[in-house]
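Colleague: Spelled out from the first residue to the last, the chains are:
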Amino acid sequence: MTSTGGGVSPEFIAEAQEIVDALGRDLIGAEQEQREGRDEVDPDRVNNLFRSAHSLKGLAGMFGLDALARLAHDLESVLDALRLGRVLFDKAALDVLFAAVERAGALIASAAAGEDVPVSAIEDMGARLTKVARGDTNVKVAEPLELFELGEDVLSVLTEYEEHRLRENISKGRQLYMLRTSFDLTNFDVGLAEIDATVKKLGEVITKLPSSKAADPGAISFDIIVGSDATSDELAKAIGDERVEVVPIPRRRPQARPTRATPAAEGAAAESSAKAMARELVEQAIVTEPDIESEATSVRSVSRTVRVDIRRLDRLMNLVGELGLTRAAFMRISDAMKREHGFSGLAVDLYKEGRSFERRLAELQAGIMEVRMVPLENLFERMQRIGRKIGRELKREVRIETQGESTELDKLIVEDLADPLMHLIRNALDHGIEPPEERVAAGKPGEGVVKLSATAQGNHVVVEVSDDGRGIDVKRTVALAMERGLITPERAAELTRREIFNLLFLPGFSTRAEVSEYSGRGVGMDVVKTNISQLSGVIDIDSREGMGTKVVVTLPITLAIIPALIVAVAGRIYAIPLNNVQETLALTHADVKTIERREVISVRGATVPLLDLRTLFGLPDEARPRTVYAVVAGAGQNRMALVVDDLVSQQDIVIKSLGRWLRNVRGVAGAAELGNQQTILVIDMVELLGEMSAGAGTSNSGGNPRRSTP
Amino acid sequence: MSRVKNPDADDTWHELVAADPLADFFVAPDQQDHVVTSYGGDTFGGQRLGREMAELLVFWMGNEEYAIDILEIQELIKLPLVTPVPRTAESCLGIISLRGTIVPVIDLSRILKLGAQPVTRSTRVLVLRAEGDPIGLVVDRVTSVVRIERDSIEPVPRTMQSDAGDLLSGVGRIDDRLLIILDLPAIMAVVEHRK
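From first to last, the protein sequence lines are chains D and E. First residue of the first sequence: 1, per our numbering; consecutive thereafter. First residue of the second sequence: 1001, per our numbering; consecutive thereafter.
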């Protein structure tokens, strides 16, 4: 069922703590800058602070920590005002910010301890923050923009932030320049970045406005407004590009070159009054804040987790893989010693040590694997939120239920699952769940249910998205597939239910005439299927008209190291990921039957089509040995049996990508190294299954026109 | 040095190689499975080259001399056991694992339509940097590194613009030797698209 606000996860604590730490760091930096007597706090820093507060707000909101969310919201308002120059970033403001951040830290600690803090508990802090944020009218300096000949056309397109930066630069007595630039369309970003870097040394880039004055169609022009103490010659020289024209923006009234004090003079009075007010604020704050001491008692971070870049884990995983190869080499030596010297002395020692090494290595591997595993909880929560939002916008009354969110999966898989899952939920809401009236008319409750569930099944996790909507219209699906030329009428007549549902995965298929914002967008189920296949997963649909639709996604729990079956065909060695293998059986010629020129075998009562790697991969066409093996793969009724000459062994492999140049080779998932310096290909059973159902009709075409290696 | 004198090498080539201080690099000792050759400037007698000079690695394909800008080359290895990959272009011999990275190995003689060349003791794989995703090119034998003024590189003569013409970027002349310079982007395109 739905779950929100329950226990707060360690990940949340870690992330929130990180944000609070970052806020603290930036505040200390700002304090430093103030102490050094700078004119203003580094705008990048203020922006950082603002963004941190914003993230904290989002995070706290997501976990239902209302007090923290509220505090972060007030913090964000103050920082926004500071960022936009509505409020002066002075000592008083800084003090309040420090107090607020400390309070946020305390709230996180309470959350970690499982305490529920009501919003009312932070009202005092909220009041202090709001006062700072409201300080605007008193602090604002007189309009310095009047000092320069800036046309309304320019001023009107500036964001509030840019306008503020413009003011700041003017108050600092800087000259404003307009850089008229023109870049080639293909690499204008590079040119812009260069100018950015150069100008930063001499001043500040306030805004970059695309200009319509481009001379030729292959070029793009920008008017860049820059504030700098340098002269136009100095600027032009620093930029060193004659295509960039440096035009000083003239001052409105001819006057002596202003000193720092001039533009600010008008605002000086206001400023001092603002300071007075701020002081007053602080005094008030101290009075209304009796427990400021206790708040600061613990400076220890409450977070007990470490966040690690997944690539580091990948590297470790690779190392473990390589160690596995070393292990295999050891064991070979040990075996050879046993053969040569018998089971005695050093041979026995080596064997024992080898075994113990093997065990430790397995533990290490499991340990790293465990670190990579994350529960589906966060993903499911995200899906619920998105689902609710889409439901509202599509005017569907819908409840999104989740189940099994504690099921764990490899972090990378979880990340890559987000997009396909979101698409499935959109589909369920848009195509599945009917509008309330229609539901009631059909005798169903007005509120629809979309269920998102996960269950662990050995090395797999099964994720299901089901709805109680209108289901898939079988007749319409077939008609549409014919209309789009995806199948012939003859073929249509013999399709099974399953095959019909599988039509939805064909590129260029969409069961709805009109394209809605949520399900259309040119990403169809074929993309979902591709995404799932890339995760070595299998996707399956089942539906009952009027009852609902269920999409089942089966995924391996990890992709890093996988157990594989090593097979031999025509003298070549291949690996087949074991998670795709259902069973293997020995075959003789007599077991193979032919149905409509397709070779099939019978696997415990079910007829399974046979796929021969020799034909598929164009391997040397030696005769099949008398006894071969069938590797049965697939899900549900969509199964196949791959014919191989021999089953060599079963071992863990590290799949490596074939790289950029061979990425389009279909049917090959990658390569793996065996212990004996041998590199073998890993067969992509999911892709072969897809080829088989796509090219249904012949047993060997694979539907692929590519050339084969002789 | 003795290994340089391959039985299949002709005399003119001999001398060329014997005079080359790098000969030992090009013909790798057997005990090393991968020979990494550094092409830093110092390897070439400490002389840094002017901007207008190109350093080219020269190799033979059949009886023609070809060259590739040395900066494009990551390393030079002996031909290891290659794992064939189905459903790739005919010129793709397969893949090798170069210290853990999967590298496709391409038969240059097929790309250049020179007909199959036998694998001999001097057969080498030029591992191209190829924009960070290395490609191995199988060549008959690597002979030397030459320096040539970039300006002296001529466009490909019309007479050579046959089948493989668009894979050549120019022709360099040293005395009466003719070096056919390969256009690597064009070769990469062949590897990438003609799967």
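Simulated from the structure, these hints should not be mistaken for lab results. Hints are not guaranteed to be accurate.
[Stated by the list, open to error] Cβ-to-Cβ under 8 Å is the rule here; a few derived chain E residues that face chain D:
1) 1052
2) 1088
3) 1191
Fair warning: this is a prediction, and the values are worked out from it, not measured in the lab. Using N, Cα and C, we set each Cβ at its ideal position, and we do this for glycine too.
Colleague: Now, for every hint given, state plainly whether the structure supports it.
Modeller: Hints, one by one, checked against the model:
no. : hint : verdict
1   : 1052 : 23 Å, violated
2   : 1088 : 6 Å, holds
3   : 1191 : 5 Å, holds
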